[in-house]
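Below are the chains, spelled out letter by letter.
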Amino acid sequence: AQTIHQWPVAEIKAVGSPLSLGCTIKGKSSPNLYWYWQATGGTLQQLFYSITVGQVESVVQLNLSASRPKDDQFILSTEKLLLSHSGFYLCAWSLGGQNTLYFGAGTRLSVL
Amino acid sequence: GEQVEQLPSILRVQEGSSASINCSYEDSASNYFPWYKQEPGENPKLIIDIRSNMERKQIQELIVLLDKKAKRFSLHITDTQPGDSAMYFCAASYTGYQNFYFGKGTSLTVIP
Chain A
1 AQTIHQWPVA EIKAVGSPLS LGCTIKGKSS PNLYWYWQAT GGTLQQLFYS ITVGQVESVV
61 QLNLSASRPK DDQFILSTEK LLLSHSGFYL CAWSLGGQNT LYFGAGTRLS VL
Chain B
1 GEQVEQLPSI LRVQEGSSAS INCSYEDSAS NYFPWYKQEP GENPKLIIDI RSNMERKQIQ
61 ELIVLLDKKA KRFSLHITDT QPGDSAMYFC AASYTGYQNF YFGKGTSLTV IP
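Residue numbers (this note's numbering), protein chains in the order written: chain A, 1 to 112; chain B, 1 to 112.
Mixed in with the good hints, there may be bad ones.
[Said to hold, decoys possible] Here are the in silico distance ranges between beta carbons for each label pair: (1) A:27 / B:112: 35 to 45 Å; (2) A:69 / B:69: 10 to 20 Å; (3) A:5 / B:60: 24 to 34 Å; (4) A:16 / B:111: 38 to 48 Å; (5) A:42 / B:46: 13 to 23 Å; (6) A:80 / B:78: 43 to 53 Å.
[Claimed, not checked] Here are the simulated DSS-like cross-link-like pairs (lysine-lysine), alpha carbons at most 25 Å apart as the crow flies: (7) A:28 / B:45; (8) A:26 / B:37; (9) A:26 / B:104; (10) B:68 / A:28.
[Said to hold, decoys possible] Derived coverage of chain B by chain A (criterion: at least 3 residues anywhere in the stretch with Cβ under 8 Å from a Cβ of chain A; other residues may be distant): (11) 60 to 66; (12) 83 to 95; (13) 103 to 111.
Bear in mind the hints are in silico, worked out from the structure with no lab data behind them. Only a predicted model underlies this, so the values are computations on that prediction, with no experimental measurement involved. Idealized CB from N, CA, C, for every residue including glycine.
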């Protein structure tokens, strides 16, 4: 069975500090991978997606970047955090052409 | 990009009654419409979805209706229980496309 693991579970960071969030999916070969952001009480905003290793498309950047260094790994990062980066970051996967989207457990980020 | 409108934003119903959430979309190319349930502090979980080759789909107490001409789809929860209390999100996408557009969510409270 497929599993999706996000790390860390939660982070408290200072404004201006760097950030790296990770996501690993096991049990599926060459999945489509996504990063979503959700403000407290807000909707789900798609940030990035990747359909293959080394290829990432930006939907909404929010001064963040993403990379896919391995088939099963997706990384979200920034060199300088802003207060507005606070929220819930969700990694998700789907199979190409199937559309059905499955979310990881998420990382809760507080920027102070 | 696609715009998905979701109403109502807040819904309170008595236990045992039905709850209905309505969504509309703009892009006639959209052909996949999932619904997610998100409990506080948790990730969104897919509860039911419908593709454009169907007008109605039911899984136990969940019913989804799709009206392609009107570009509307809706979720109906029959015989609601307190465990149905959560945020519900609708979304639209289309096969082969990597963007999912989410509504702003409906906070459902089932009153015992």
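- Looking back at the numbered hints, which does the structure fail to meet, lowest number first? Numbers 2, 9, 10, 11, in rising order.
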